[in-house]
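Chemist: Given the coordinates of chain A, work out where chain B should sit on it, guided by the hints.
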Amino acid sequence: MRNVWVVLKREYLERVRTRAFLLTTLLLPLFMGAVMILPSKLASMKSSAVRHVAVVASSPDFAARIQHQLDARSKQLGTRFLLEAQTDGSPAAIARLQQRVAAKELDGYLLVTDKELAAGKAVYAARSTSDFVESASLESAVSTAMTRQRLASRGLNNADIDSLFSRIDLDTITLAGGKQSRGNALVTLLASVTMMMMMYMTVILYGIAVMRAVLEEKTSRVVEVMLASVTPKEMMAGKILGVGAVGVTQIVIWWIMAALLFTAGLAGGGAAMSGLELGSLKLGYFLVFFLLGYFLYATLWAALGAMVNSEQEAQQMQFIVMLPLILSTVVMILVIRQPNSPLAVWMSFVPFCTPLIMYLRIVVQQPPFWQIALSIALTVATTYALVALCSRIYRVGILMYGKRPTLPEILKWIKYA
Amino acid sequence: MDSVQLKDVSKSYGEFVAVDALTFAVPAGGIYGLLGPNGAGKTSTIRMLMGITLPDRGEVALFGRPFDRRQLRRIGYLPEERGLYRRMKVLEHLVFLGELHGMSAAEAGKKGAAWCERLELADWTKKKVEELSKGMQQKVQFIAALLHEPEIVILDEPFYGLDPLNTTVLKDALLEFRRGGRTILFSTHRMDQVEKLCDAICLINHGRAVLEGDLKQIKARFGRNNVQIAYEGGGDGVALQDSPLVDKFNDYGNYVEVRLRAGADPQELLRLVAARNRISRFELMEPSLEEIFIETVGKSDA
Chain A
1 MRNVWVVLKR EYLERVRTRA FLLTTLLLPL FMGAVMILPS KLASMKSSAV
51 RHVAVVASSP DFAARIQHQL DARSKQLGTR FLLEAQTDGS PAAIARLQQR
101 VAAKELDGYL LVTDKELAAG KAVYAARSTS DFVESASLES AVSTAMTRQR
151 LASRGLNNAD IDSLFSRIDL DTITLAGGKQ SRGNALVTLL ASVTMMMMMY
201 MTVILYGIAV MRAVLEEKTS RVVEVMLASV TPKEMMAGKI LGVGAVGVTQ
251 IVIWWIMAAL LFTAGLAGGG AAMSGLELGS LKLGYFLVFF LLGYFLYATL
301 WAALGAMVNS EQEAQQMQFI VMLPLILSTV VMILVIRQPN SPLAVWMSFV
351 PFCTPLIMYL RIVVQQPPFW QIALSIALTV ATTYALVALC SRIYRVGILM
401 YGKRPTLPEI LKWIKYA
Chain B
418 MDSVQLKDVS KSYGEFVAVD ALTFAVPAGG IYGLLGPNGA GKTSTIRMLM
468 GITLPDRGEV ALFGRPFDRR QLRRIGYLPE ERGLYRRMKV LEHLVFLGEL
518 HGMSAAEAGK KGAAWCERLE LADWTKKKVE ELSKGMQQKV QFIAALLHEP
568 EIVILDEPFY GLDPLNTTVL KDALLEFRRG GRTILFSTHR MDQVEKLCDA
618 ICLINHGRAV LEGDLKQIKA RFGRNNVQIA YEGGGDGVAL QDSPLVDKFN
668 DYGNYVEVRL RAGADPQELL RLVAARNRIS RFELMEPSLE EIFIETVGKS
718 DA
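Residue numbers (this note's numbering), protein chains in the order written: chain A, 1 to 417; chain B, 418 to 719.
Honestly, the hints are just simulated from the structure, not real lab data. Treat the hints with care, since some could be wrong.
[What the hints assert, rightly or not] Computed cross-link-like contacts, DSS-like style, restricted to lysine-lysine with a CA-CA straight-line distance of at most 27 Å:
(1) A/K9 - B/K543
(2) B/K544 - A/K9
(3) A/K233 - B/K506
(4) A/K9 - B/K545
(5) A/K9 - B/K528
(6) B/K665 - B/K716
(7) A/K415 - B/K424
(8) B/K633 - B/K716
(9) B/K506 - A/K9
(10) A/K403 - B/K551
(11) B/K545 - B/K613
(12) A/K9 - B/K527
Owing to the predicted nature of the structure, the values given are computational and were not obtained by experimental measurement.
Isolated chain A (complex conformation) (with noise of 0.2 Å):
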């Protein structure tokens, strides 16, 4: 037991004094908090495009109203269009428009005349179509005005055409254990997918680092001197245990910079960071997934690294070891969307799942509590297996140098007493 503490303080100490793991503790949570905070603060940007537009339109009083749309939404938009209107629509008058476009005196033009909206179309030319937003923009300037224009011939006034078009927001509110949290799907959609690659990349950089330290050992040959006093179970347990002390210190330390944050009220993208206030509930759940899946996925990766001899050999099998958290974030948005379903709820059964897509559904809308027991309990059992059937192939892999060993050859080191 002293012997597993000795080699655990080591690999703690060894890791939490480089440069990387400040690094990474600072840096992944920035890199998160970008990834959230950025969109809509982008969005919020004003943007300085303006593009100049020919509306060829029956009536003046007609493009008068698509401009007006535009404007009403030039800030969401980040593009300001003016309008200059015409009501000839003749073929030499397109043609006269479409060389001012060629010579840049105009972005493009809009041929909306009684005709064309009759025939429930207008055509929209320019040097440029390939910005989806602003054609769809267009379009929906388009058909407002025209709703709005019928609505007027219909003897309508403006008010009651405002009243009509009054847009109503949705306002959800997650019921979960008596409790109600205020949210909106796109920040509990930004929080899950927020907190779920946050484990997954934990889970994998420091089921890595226990990969690559057994690798090293290997390679180095240290080794040879350890095991003069340290049996390869001790080896490897001391080593899981730092490496996870190591990222169980991360999680704390981003806890506290959370922490920090809203409490100096710096949080930038307010709207998306009261979905974080929704994570902060699930934090505690946060460490004990990521243990589990750590000590699952390290487990395989220690005996994955005792197996080989080089990064390279280690790199072609590592994919087999990653695919179930691959397969994870694949299904991650159908999750999301439905934490009830069939598919979540088995999926988040599988150990080599549960640390994702379990504590995915925790985040998104709390399962019953024997689902979440019962998947730990799974895990903890599968790992349980996995360590005694590792620890052999361990044992007999660390001393074995040379080429990579046959799926035959690792079935008759687990059976090596």
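Modeler: Same frame as chain A, but now just chain B:
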């Protein structure tokens, strides 16, 4: 009491028999050489002594009692495959290995620093292992093997790859260690080291002991029928090879070595050589270990 005892120990890796019913005993106190050509099973044997691998058959006893992992704290080990944590600082590394052998960190630090001083590593204690030369790294590992003052030290090819200066430094440390009544077991394929250092040896080949026991007795068993002759004149006139007195003839350049045929009189050989050359040295001696080695291994291979 024997410090280390192997009884009928065998170990195979798949089809390959690395150690085959090996039996030998290392008496307490003194230096014991485990000798053999490459691939003879020296490292496999030592790994079983350290409990790194388990024998398929047979028994290993340490300090007169069956092998038990707890005994390992009283043993120091220098493996053949050297390796340290490259990014660890030298002294911290020594403390770490000392702690694994049951020392306190403070004690290991103090003794480690003293050893570094002695082996001229004092300026390197705060450097990372990867900044050290191979020879220096080997010295660090050597210190690690002796740091916890074990009663037995087991060294696998301890001088391999060292320059003569460092070899002498380590050899002196080992000799001092022996004076404290401790036991040293080391493996090598270098005969000269064994001749200089060992009290007893075990010569193994193909995993079997072919010669075992006290070095002096072994040499005596092979008798004093070797003669080294150095003479002036290049020896063109000496047709020793064809002489009926000579069993084996070796020209080493500066001198020749002759093994007499059984029953031949060395004085007769002296007269024969003196008749034609100016002799600067004529010495009747025991066979060198190298010769014994080559002969015994050759015989066991045949």
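Chemist: The structure should be examined with respect to each hint, and the outcome stated for every one.
Modeler: Taking the hints in turn, this is what the structure says about them:
no. : hint            : in the structure
1   : A/K9 - B/K543   : holds (19 Å)
2   : B/K544 - A/K9   : holds (20 Å)
3   : A/K233 - B/K506 : holds (25 Å)
4   : A/K9 - B/K545   : holds (18 Å)
5   : A/K9 - B/K528   : holds (21 Å)
6   : B/K665 - B/K716 : holds (16 Å)
7   : A/K415 - B/K424 : holds (26 Å)
8   : B/K633 - B/K716 : holds (21 Å)
9   : B/K506 - A/K9   : holds (15 Å)
10  : A/K403 - B/K551 : holds (26 Å)
11  : B/K545 - B/K613 : violated (35 Å)
12  : A/K9 - B/K527   : holds (20 Å)
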